[in-house]
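Protein chains: 2
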Amino acid sequence: MKLPETTTERIERKLDRKLRLIRVARGEEPADVVFKNATYLNVFSNDFCHGDIAVSNGLVAGIGSYRGIEEIDVSGRFVSPGFIDAHIHLESSMVSPAEFARAVVSHGTTTVITDPHEIANVMGVDGIRYMLEATESLPIDVHFMLPSCVPATPLDESGCALDYKAIDDLYDHPRVLGLAEMMNYVGVVNGDREVISKILASQAHHKKIDGHAPGLSGPDLNAYIAAGVYSDHECSNYRDALEKLQLGQFIMIREGTAAHNLRALLPLLNQQYYARCMFATDDKHPLDLLQGGHIDYIIREAIACGVDPVIAIKVASHHAARYFLMNNKGAIAPGYVADLVVFDDFRHFNIQQVYKRGRCVFAEGEVQPFTPAAVSPALSRRAHDTFRIAPVTAQQLSAGDLPVIGLVPGEIITQNLGQAAAPDPSRDLLKIAVAERHHNTGHIGLGYLKGYGLRQGAVATSIAHDSHNIIAVGTNDEDIAFAINRISALQGGIVVAEGGKVIAELPLPVAGLMSDAPLEEVNDLLEQAKAAAHRMGVSCGIDPFMTLSFMSLPVIPSLKITTQGVFDVDRWQYI
Amino acid sequence: MKLPETTTERIERKLDRKLRLIRVARGEEPADVVFKNATYLNVFSNDFCHGDIAVSNGLVAGIGSYRGIEEIDVSGRFVSPGFIDAHIHLESSMVSPAEFARAVVSHGTTTVITDPHEIANVMGVDGIRYMLEATESLPIDVHFMLPSCVPATPLDESGCALDYKAIDDLYDHPRVLGLAEMMNYVGVVNGDREVISKILASQAHHKKIDGHAPGLSGPDLNAYIAAGVYSDHECSNYRDALEKLQLGQFIMIREGTAAHNLRALLPLLNQQYYARCMFATDDKHPLDLLQGGHIDYIIREAIACGVDPVIAIKVASHHAARYFLMNNKGAIAPGYVADLVVFDDFRHFNIQQVYKRGRCVFAEGEVQPFTPAAVSPALSRRAHDTFRIAPVTAQQLSAGDLPVIGLVPGEIITQNLGQAAAPDPSRDLLKIAVAERHHNTGHIGLGYLKGYGLRQGAVATSIAHDSHNIIAVGTNDEDIAFAINRISALQGGIVVAEGGKVIAELPLPVAGLMSDAPLEEVNDLLEQAKAAAHRMGVSCGIDPFMTLSFMSLPVIPSLKITTQGVFDVDRWQYI
Numbered sequence: 001m002k003l004p005e006t007t008t009e010r011i012e013r014k015l016d017r018k019l020r021l022i023r024v025a026r027g028e029e030p031a032d033v034v035f036k037n038a039t040y041l042n043v044f045s046n047d048f049c050h051g052d053i054a055v056s057n058g059l060v061a062g063i064g065s066y067r068g069i070e071e072i073d074v075s076g077r078f079v080s081p082g083f084i085d086a087h088i089h090l091e092s093s094m095v096s097p098a099e100f101a102r103a104v105v106s107h108g109t110t111t112v113i114t115d116p117h118e119i120a121n122v123m124g125v126d127g128i129r130y131m132l133e134a135t136e137s138l139p140i141d142v143h144f145m146l147p148s149c150v151p152a153t154p155l156d157e158s159g160c161a162l163d164y165k166a167i168d169d170l171y172d173h174p175r176v177l178g179l180a181e182m183m184n185y186v187g188v189v190n191g192d193r194e195v196i197s198k199i200l201a202s203q204a205h206h207k208k209i210d211g212h213a214p215g216l217s218g219p220d221l222n223a224y225i226a227a228g229v230y231s232d233h234e235c236s237n238y239r240d241a242l243e244k245l246q247l248g249q250f251i252m253i254r255e256g257t258a259a260h261n262l263r264a265l266l267p268l269l270n271q272q273y274y275a276r277c278m279f280a281t282d283d284k285h286p287l288d289l290l291q292g293g294h295i296d297y298i299i300r301e302a303i304a305c306g307v308d309p310v311i312a313i314k315v316a317s318h319h320a321a322r323y324f325l326m327n328n329k330g331a332i333a334p335g336y337v338a339d340l341v342v343f344d345d346f347r348h349f350n351i352q353q354v355y356k357r358g359r360c361v362f363a364e365g366e367v368q369p370f371t372p373a374a375v376s377p378a379l380s381r382r383a384h385d386t387f388r389i390a391p392v393t394a395q396q397l398s399a400g401d402l403p404v405i406g407l408v409p410g411e412i413i414t415q416n417l418g419q420a421a422a423p424d425p426s427r428d429l430l431k432i433a434v435a436e437r438h439h440n441t442g443h444i445g446l447g448y449l450k451g452y453g454l455r456q457g458a459v460a461t462s463i464a465h466d467s468h469n470i471i472a473v474g475t476n477d478e479d480i481a482f483a484i485n486r487i488s489a490l491q492g493g494i495v496v497a498e499g500g501k502v503i504a505e506l507p508l509p510v511a512g513l514m515s516d517a518p519l520e521e522v523n524d525l526l527e528q529a530k531a532a533a534h535r536m537g538v539s540c541g542i543d544p545f546m547t548l549s550f551m552s553l554p555v556i557p558s559l560k561i562t563t564q565g566v567f568d569v570d571r572w573q574y575i
Numbered sequence: 001m002k003l004p005e006t007t008t009e010r011i012e013r014k015l016d017r018k019l020r021l022i023r024v025a026r027g028e029e030p031a032d033v034v035f036k037n038a039t040y041l042n043v044f045s046n047d048f049c050h051g052d053i054a055v056s057n058g059l060v061a062g063i064g065s066y067r068g069i070e071e072i073d074v075s076g077r078f079v080s081p082g083f084i085d086a087h088i089h090l091e092s093s094m095v096s097p098a099e100f101a102r103a104v105v106s107h108g109t110t111t112v113i114t115d116p117h118e119i120a121n122v123m124g125v126d127g128i129r130y131m132l133e134a135t136e137s138l139p140i141d142v143h144f145m146l147p148s149c150v151p152a153t154p155l156d157e158s159g160c161a162l163d164y165k166a167i168d169d170l171y172d173h174p175r176v177l178g179l180a181e182m183m184n185y186v187g188v189v190n191g192d193r194e195v196i197s198k199i200l201a202s203q204a205h206h207k208k209i210d211g212h213a214p215g216l217s218g219p220d221l222n223a224y225i226a227a228g229v230y231s232d233h234e235c236s237n238y239r240d241a242l243e244k245l246q247l248g249q250f251i252m253i254r255e256g257t258a259a260h261n262l263r264a265l266l267p268l269l270n271q272q273y274y275a276r277c278m279f280a281t282d283d284k285h286p287l288d289l290l291q292g293g294h295i296d297y298i299i300r301e302a303i304a305c306g307v308d309p310v311i312a313i314k315v316a317s318h319h320a321a322r323y324f325l326m327n328n329k330g331a332i333a334p335g336y337v338a339d340l341v342v343f344d345d346f347r348h349f350n351i352q353q354v355y356k357r358g359r360c361v362f363a364e365g366e367v368q369p370f371t372p373a374a375v376s377p378a379l380s381r382r383a384h385d386t387f388r389i390a391p392v393t394a395q396q397l398s399a400g401d402l403p404v405i406g407l408v409p410g411e412i413i414t415q416n417l418g419q420a421a422a423p424d425p426s427r428d429l430l431k432i433a434v435a436e437r438h439h440n441t442g443h444i445g446l447g448y449l450k451g452y453g454l455r456q457g458a459v460a461t462s463i464a465h466d467s468h469n470i471i472a473v474g475t476n477d478e479d480i481a482f483a484i485n486r487i488s489a490l491q492g493g494i495v496v497a498e499g500g501k502v503i504a505e506l507p508l509p510v511a512g513l514m515s516d517a518p519l520e521e522v523n524d525l526l527e528q529a530k531a532a533a534h535r536m537g538v539s540c541g542i543d544p545f546m547t548l549s550f551m552s553l554p555v556i557p558s559l560k561i562t563t564q565g566v567f568d569v570d571r572w573q574y575i
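Protein sequence lines, in the order shown, are assigned to chains X and L. So for the first sequence, my numbering puts the first residue at 1; every next one is plus one. So for the second sequence, my numbering puts the first residue at 1; every next one is plus one.
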């Protein structure tokens, strides 16, 4: 066992770098790099200041008049602290953290705080460790909040269950900042001892606890906050957000692929309230990553809506750093990490250059090449081998009367449409199945789905919230079984199949959630699969895979389907 | 050796209280106490909100409509979070921490951050431990910053020298928040390895480092801040403060007994800058404590000068809590410590009631009785036995030609007035002596003082910055020797003597700095001693003892006197 570093050892390790920083700040030695003639956002005086920014060993040494070994003239442009995504699940990008980093760093993002909730539901602590290793040595810093709800509900057959003891060691990792979104707000306000213990554990480590409590209000909200939940990213209206802010929560204004809360929460982005706000995306899918931008997109939108640029940029940088106690991030000042974004003007807000610890990581439209750290072989093998499921036969899927789940276009809530006896594509009545795939239990939940539109074949995915079993929908049992087995053979992914043939597919061999391929390739395969599903009948208003992914989340009313069958969320029982 | 508490032990210890907090917040159980109909400052939404404030076990459980075992109607008045003094040396009050607490809690102060610099210069780590023990169980919370400069300079013969290793264990104390004012800014910017190690040690413990750098600017200021100094309380003009704020330092606006910086720094107390400001006093002498108020006085003055009350009160409460990472202080919201101040209106700003962790500690003009924790006997004996000095004879004080220090009325700087051969009270030329009293070295520094005004006898004090040897001034060697010996016999204090008789005296037997007596008694003795000194000729514009205390501080130009003699600060040599 390696003993923790002593104060003396730490001081020895840091002293020489600190002494050089001081000499550079005094002008006794040239800086590593100087950003000459910078007009930069001063997050302390809330205005744009002017000067040379001197950097030594990745830290800002001083601002004033400096010379450097390298000098970069940034006159005529603006410099901001790097942007921070306060809450995301990296797995939602379907690509490796390195590919994700490559995409967002070009948008000025230099730090994200991820909750590895999805992979933890598949691989437990190994999943968190995999993500920690896969996020070393990237051009962005990836910090972690430890998943609080694995499994998400007692109904879920996930790959793993984590109590506070299972994750306790991880709090000592320097990139772990706390406990991720406490979705089980019912458990919190009911005083569930195991749930409260998780909160107390994070507090014992002097770390944060993020919240997730859409619409929670009044005494229950007081209880949730008093328990120790410091933020919320589920506010979709101003009233909800203001109540939470007034009771002391930080508000993460979420604008991602699935949720768009910026416009509703614009009334927070003024002098009175903005100090308690940050930006977050929660999830970013491949197409949105490629075309939509990231935190820069939210800033641009906010400014276009009339928000003071100083406010927008501070919410995008300084405030998340402060909330998460990242003491030396989110500002351009002596001693701070030199994460810098150079942009053209407030209207276009084009990101021209990005510097991570003073090193150029993006310029002239190109992300600088980088070599991500390799994940240790054992952990990599483990992540690529997460399917424990015997081949499924059509016979296993045959059934008589089953409940019918009714899709609501554009929503993740569903309707209870009674019972049916068999699929009937002519009436848009499909069979839906969730096959347990972590422990080879042979559990397969069955039901019917109406409103999806598929007219032939089957669609399946191993991204199925939150336990990530295999969820499939189809017009006949043979195609459903084929699609499920194909996903198992791929070690995860998305499959569109018909008549024993793969029509389109996206392999996601990392925990059944992520690809090892480049983002562009993943996006192409995903879009091709989407197109195939739509050609086979899936209604145009429906995302064929994302919709399916949410059918297995047994906390959203009215009906959902798990490995145990169709569950009535309103009555909290299987039917 | 007691092993540190494990996460599991900590959770067990906290769980039941947390569960009750949640039940109270939900309204399932009555609160311990409810403040009914409160109009309270919401530091998050920056306005005054209305509701019942429910408290359980010293924490705010919820705000809304609540019932409690005890209910206190606060309608028609205002409620604010308790005030915080961001920087003080408790020893400056000359009374015990309990007496200090009794005085300031009536002014709405519920937390102070003290730097036990004075007692540490006498007793080293034992002095810090003494203050930690003497500040348990008070009606205010006393947090600590560890002295960074003991001795204050290499010239000082102090009782102790503390390097970073000597104080490292103390960072684990739950009330220690970091490293106190780094006065040795010359050492910092010159990259003194021992000095930088102290900063790195505090950073290694994830704690703050306070600054003290009057007038430091430009590259040197950049270096000082880059080294890791996060705040400054020495700003006496707006320009200096703005430069420090812009470079990332928090500004402690100081308004105490000696320094009055509020008016000069009023331009910081607006929307643009106030988020980075706090209030501090640095020192509070007995009379000022009794008559002047504390942080409430600064708020009242600021409001009278036109500062928005929301801004003034946040600077007085929330901001210090945030800076020092006191996560659950400085706000009225679920989970926060229920430190509450009830006041009448913004103009008079009369403090009517004060609650510490929900318990009344001040009401109707009376501080509620409390029993301070007893300091452990060994430590108490040690604190009352700090004089190691043999009796001084007049012969030891005789000398020929010596330098003359010229007082500048109202300043702590001095002038170099050449040499003299003997005291001559008719020309206001007195002898001044500093007698080493920690290690019985027999060192006595001698010189002459002009401008003090004494016409007969001698004045001496064991409060002599920063090493707290015995400093004495007099018209003749016999009276000086008598006064020094009397202070030694008292184990510290202030003495006015003539012709072998004590004319007035204030015993300060705790480390030669503090009394065990009530504040009123200490103040009476001190004022009587002042009056006696003035009757004996000390000029009316001069505080006889405070002036003397600063004569031994060898960092203020031009001439100062140490145990080694008169020191020329401008030329940095003894003369």
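Be a bit skeptical, because a hint or two may be false.
Identical chains blur together in the list; that is why a pair holds if it fits in one copy or across any two.
[To be verified] Straight-line Cα separation of at most 30 Å, DSSO-like style, residue types lysine-lysine; simulated pairs:
1. K36 - K450
2. K36 - K501
3. K165 - K36
4. K14 - K450
5. K165 - K14
6. K450 - K501
7. K207 - K165
8. K36 - K207
9. K207 - K450
10. K36 - K14
11. K450 - K165
12. K501 - K207
13. K165 - K501
14. K501 - K14
15. K207 - K14
To be clear, the hints were calculated from the coordinates, so they are not data collected in a lab. Computed from a prediction, not measured in an experiment: that's the story for all the values here.
To see whether the hints hold, each was checked on the structure:
In this assembly of identical chains, the alpha carbons of K36 and K450 never lie at most 30 Å apart, being 62 Å within a copy and 53 Å across copies at closest. For the identical chains of this complex, K36 and K501 are neighbours neither inside a copy (60 Å) nor across copies (70 Å), given an alpha-carbon limit of 30 Å. For the homomeric pair K165 and K36, neither the shortest alpha-carbon distance inside one copy (50 Å) nor that between copies (41 Å) is at most 30 Å. For the homomeric pair K14 and K450, neither the shortest alpha-carbon distance inside one copy (62 Å) nor that between copies (49 Å) is at most 30 Å.
For a Cα distance limit of 30 Å, the shortest separation of K165 from K14 across copies, 16 Å, qualifies, whereas the shortest one inside one copy, 32 Å, does not. When the C-alpha separation of K450 and K501 is checked against a cutoff of 30 Å, the pair qualifies only within one copy, where the shortest distance is 24 Å, while the shortest distance between copies is 105 Å. With identical chains, the CA atoms of K207 and K165 are at most 30 Å apart both within one copy (16 Å) and between copies (27 Å). For a Cα distance limit of 30 Å, the shortest separation of K36 from K207 qualifies neither inside one copy, at 38 Å, nor across copies, at 33 Å.
Within a single copy, K207 and K450 get their C-alpha atoms no closer than 45 Å, and across copies no closer than 58 Å, so neither meets the 30 Å cut-off. Taking the closest pair of Cα atoms, K36 and K14 come within 30 Å of each other only inside a single copy of the chain (27 Å); across copies the shortest separation is 53 Å, beyond that limit. Taking the shortest Cα distances, K450 and K165 never come within 30 Å of each other, neither inside one copy (42 Å) nor across copies (71 Å). With identical chains, the CA atoms of K501 and K207 are never at most 30 Å apart, being 50 Å at best within one copy and 62 Å at best between copies.
With identical chains, the CA atoms of K165 and K501 are never at most 30 Å apart, being 46 Å at best within one copy and 71 Å at best between copies. In this homomeric assembly, K501 and K14 never come within 30 Å of each other (Cα to Cα): the closest approach is 60 Å inside a single copy and 58 Å across copies. When the C-alpha separation of K207 and K14 is checked against a cutoff of 30 Å, the pair qualifies both within a copy, at 24 Å, and between copies, at 16 Å.
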